[in-house]
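Student: Here is how the chains run, residue by residue.
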Amino acid sequence: MKLKPMDDRLLIKLTEEKEQTKGGIIIPDSAKEKPQKGEVIAVGTDEDLQQYIKAGDHVLFSKYAGQEVRIDDEEYLILTRGDILAIVEN
Amino acid sequence: MKLKPMDDRLLIKLTEEKEQTKGGIIIPDSAKEKPQKGEVIAVGTDEDLQQYIKAGDHVLFSKYAGQEVRIDDEEYLILTRGDILAIVEN
Amino acid sequence: MKLKPMDDRLLIKLTEEKEQTKGGIIIPDSAKEKPQKGEVIAVGTDEDLQQYIKAGDHVLFSKYAGQEVRIDDEEYLILTRGDILAIVEN
Amino acid sequence: MKLKPMDDRLLIKLTEEKEQTKGGIIIPDSAKEKPQKGEVIAVGTDEDLQQYIKAGDHVLFSKYAGQEVRIDDEEYLILTRGDILAIVEN
Amino acid sequence: MKLKPMDDRLLIKLTEEKEQTKGGIIIPDSAKEKPQKGEVIAVGTDEDLQQYIKAGDHVLFSKYAGQEVRIDDEEYLILTRGDILAIVEN
Amino acid sequence: MKLKPMDDRLLIKLTEEKEQTKGGIIIPDSAKEKPQKGEVIAVGTDEDLQQYIKAGDHVLFSKYAGQEVRIDDEEYLILTRGDILAIVEN
Amino acid sequence: MKLKPMDDRLLIKLTEEKEQTKGGIIIPDSAKEKPQKGEVIAVGTDEDLQQYIKAGDHVLFSKYAGQEVRIDDEEYLILTRGDILAIVEN
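Just so you know, the sequences run in chain order A, B, C, D, E, F and G.
Read left to right, the first sequence gives residues 27 to 116 (the numbering used here).
Read left to right, the second sequence gives residues 27 to 116 (the numbering used here).
Read left to right, the third sequence gives residues 27 to 116 (the numbering used here).
Read left to right, the fourth sequence gives residues 27 to 116 (the numbering used here).
Read left to right, the fifth sequence gives residues 27 to 116 (the numbering used here).
Read left to right, the sixth sequence gives residues 27 to 116 (the numbering used here).
Read left to right, the seventh sequence gives residues 27 to 116 (the numbering used here).
Treat each hint with caution, since some may be false.
Heads up, simulated SDA-like pairs for lysine to any residue below, C-alpha to C-alpha not over 20 Å straight-line [what the hints assert, rightly or not]:
#: 1; chain 1: A; residue 1: Lys60; chain 2: G; residue 2: Gln93
#: 2; chain 1: F; residue 1: Lys28; chain 2: G; residue 2: Lys60
#: 3; chain 1: E; residue 1: Lys28; chain 2: E; residue 2: Asn116
#: 4; chain 1: F; residue 1: Lys60; chain 2: E; residue 2: Asp99
#: 5; chain 1: C; residue 1: Lys39; chain 2: C; residue 2: Ile67
#: 6; chain 1: D; residue 1: Lys30; chain 2: E; residue 2: Asp99
#: 7; chain 1: E; residue 1: Lys63; chain 2: E; residue 2: Asn116
#: 8; chain 1: E; residue 1: Lys80; chain 2: F; residue 2: Ile113
#: 9; chain 1: D; residue 1: Lys39; chain 2: D; residue 2: Asp83
#: 10; chain 1: B; residue 1: Lys30; chain 2: C; residue 2: Gln76
#: 11; chain 1: B; residue 1: Lys89; chain 2: B; residue 2: Pro61
#: 12; chain 1: F; residue 1: Lys30; chain 2: G; residue 2: Glu65
#: 13; chain 1: C; residue 1: Lys89; chain 2: B; residue 2: Asp33
#: 14; chain 1: B; residue 1: Lys89; chain 2: A; residue 2: Lys60
#: 15; chain 1: F; residue 1: Lys28; chain 2: G; residue 2: Ser88
#: 16; chain 1: G; residue 1: Lys28; chain 2: A; residue 2: Lys28
#: 17; chain 1: C; residue 1: Lys60; chain 2: C; residue 2: His84
#: 18; chain 1: D; residue 1: Lys63; chain 2: C; residue 2: Asp98
#: 19; chain 1: E; residue 1: Lys60; chain 2: E; residue 2: Lys80
#: 20; chain 1: C; residue 1: Lys30; chain 2: D; residue 2: Lys30
#: 21; chain 1: F; residue 1: Lys63; chain 2: F; residue 2: Ala81
#: 22; chain 1: A; residue 1: Lys28; chain 2: B; residue 2: Leu40
#: 23; chain 1: B; residue 1: Lys80; chain 2: B; residue 2: Ile113
#: 24; chain 1: F; residue 1: Lys63; chain 2: E; residue 2: Arg96
#: 25; chain 1: E; residue 1: Lys39; chain 2: E; residue 2: Asp99
#: 26; chain 1: G; residue 1: Lys60; chain 2: F; residue 2: Glu100
#: 27; chain 1: E; residue 1: Lys63; chain 2: E; residue 2: Ala81
#: 28; chain 1: B; residue 1: Lys28; chain 2: C; residue 2: Lys80
No lab work stands behind these hints, which were simulated from the structure alone.
Keep in mind it's a predicted model, so treat the numbers as computed, not measured.
Bound conformation, chain A alone (with noise of 0.2 Å):
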């Protein structure tokens, strides 16, 4: 099964971020909820949102943002624009 997200949003895989450690010592979050990463694996049909967003390219968006969808026995995310925080670059 393949999705082609409808409007302004984005089909996101999670990448799972390992816990940060500094010399194997576990820093304890503060409260603040952290936004997480996922893999953008396909663009609404929007054509403004396809300018800033490649499937590929790696986001930053809000904790508990979107919904879950299950495609093949995967879990992956549907986001709006609005969720995303910001695009990683290496």
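Model the placement of chains B, C, D, E, F and G on the given structure of chain A, informed by the hints.
Tutor: Leaving out everything else, chains B, C, D, E, F and G in the frame of chain A:
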């Protein structure tokens, strides 16, 4: 009875999704509700919407979205464009 | 008394829908309220709306939508465009 | 005192509607409030509105809508365009 | 001190309205608050508003609307365009 | 430190208003809060706003509006255009 | 990891502000929270925003605004244009 949805609404027929199993074991869904799949039966009068979705398309939409209608003893849903998360491509 | 609905409003006459049965057995409706059917008696002054709906059309609309009016001892409803879910085509 | 309503407002004089009876029997209204009828005394400064409604028109409007004003010991209502449900045509 | 109201605001001086009587009998107001009358002292910088209202006009506005200001020991009100119900014409 | 307010914001310095008295008797304010006066120190980047208000203007604004900032041990307020009720003219 | 903020967002690095003192005495802040200062690390994809703010600018923004992100063990904030109160000029 045949329906022409008004404006940016869509008439949808739910496509039963079999309980997903892996080697016969039922995988319980997480607490978070998954979206539902359906087939587009008729697209609204909105011309912009008609560019993106056509009758026969399969779509993913938020569970509990829309209004149920019964036509000739069969159940359908009337959704609005904003309820459509993604179009399923093969 | 004849009414010209204002702007994107419509004057609707409810068309009684007989309790649907199958071989004499009444099928109880689900808890979720079904939409109602009605005939369009007059379309509002809005020219865009007039392109899509005409007097004599039959429409589906959300139950409990609109405001009841009594004209010559008969009950009608005044709906707005957003209450119309679909136009019934034959 | 003569009033020119501002923008899309209208000055309305309630036209008393006699309790509707059928052969002398008073038919009690349903719990749902019926709209009220009135005569348009003055139309606001909004030119678009002036295309659709003129002084002397009779209109139907939501009960309890608008603000009461007293001019020379008579009661009037100031409504906005959105309160007008329909224009009564003869 | 002279004030130029900002944007679509207006500076208003309340014109005391004598308690309306009929042959010496005070007619108690209904529970519903009547609008108040005032004289426009200055019109805001908004050019569209200036087409419709000028300093010296008398206007009707919703009771309790606006913000009180005191200039040289006199009380005024600063209203916005939306508070003005009607212009009083003679 | 010098600040350039963003968009339609304004940097304001409160101008102390002496308690108004009449022949030495302090007139207590009504319960309704009066607006405050201040001098515009800097106008935001919004070009439309710059047409109407300039640094050095004195303005009236809603009490409690805006955000306090301290620059070089002095207190200022950052307001938005909508907080400005009127410009004081001499 | 380098971030390109999406749309009208900005990546900000808090610039520690030393407790302001006057002759060694700490002046307690009023109950009302003061804005915070930070340096702009990256400006969003929005071209209009890029006209007004550039990387390297120092800005004032509402305390508690934005979302924390951690990049290479350092804390940053992602704000939106509306959180920026003023640009600090030297």
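Student: Now, for every hint given, state plainly whether the structure supports it.
Tutor: Here is how each hint holds up against the structure:
1. A:Lys60 to G:Gln93: Given pair Lys60 of chain A, Gln93 of chain G holds - Cα atoms ~7 Å apart, limit 20 Å.
2. F:Lys28 to G:Lys60: holds (16 Å)
3. E:Lys28 to E:Asn116: violated (28 Å)
4. F:Lys60 to E:Asp99: Roughly 13 Å separates the two Cα atoms, so the pair holds.
5. C:Lys39 to C:Ile67: It holds: about 7 Å lies between the C-alpha atoms, which stays within 20 Å.
6. D:Lys30 to E:Asp99: Violated. Lys30 of chain D to Asp99 of chain E sits at ~32 Å, over the 20 Å cutoff.
7. E:Lys63 to E:Asn116: holds (14 Å)
8. E:Lys80 to F:Ile113: holds (18 Å)
9. D:Lys39 to D:Asp83: holds (11 Å)
10. B:Lys30 to C:Gln76: Roughly 15 Å separates the two Cα atoms, so the pair holds.
11. B:Lys89 to B:Pro61: With Cα atoms ~5 Å apart, Lys89 of chain B and Pro61 of chain B stay inside 20 Å; holds.
12. F:Lys30 to G:Glu65: This hinted pair holds, its Cα atoms lying about 15 Å apart.
13. C:Lys89 to B:Asp33: holds (18 Å)
14. B:Lys89 to A:Lys60: Since the Cα atoms of Lys89 of chain B and Lys60 of chain A sit roughly 28 Å apart, the hinted pair is violated (cutoff 20 Å).
15. F:Lys28 to G:Ser88: holds (17 Å)
16. G:Lys28 to A:Lys28: violated (30 Å)
17. C:Lys60 to C:His84: holds (16 Å)
18. D:Lys63 to C:Asp98: The hint holds at about 14 Å.
19. E:Lys60 to E:Lys80: violated (24 Å)
20. C:Lys30 to D:Lys30: violated (24 Å)
21. F:Lys63 to F:Ala81: Holds, at roughly 14 Å.
22. A:Lys28 to B:Leu40: holds (18 Å)
23. B:Lys80 to B:Ile113: Given that 20 Å is the threshold and the Cα spacing comes to 10 Å, the pair holds.
24. F:Lys63 to E:Arg96: holds (11 Å)
25. E:Lys39 to E:Asp99: Holds, at roughly 13 Å.
26. G:Lys60 to F:Glu100: Holds, at about 13 Å.
27. E:Lys63 to E:Ala81: holds (14 Å)
28. B:Lys28 to C:Lys80: holds (17 Å)
In summary, the structure is inconsistent with hints 3, 6, 14, 16, 19, 20 from the numbered list given earlier, while agreeing with the others.
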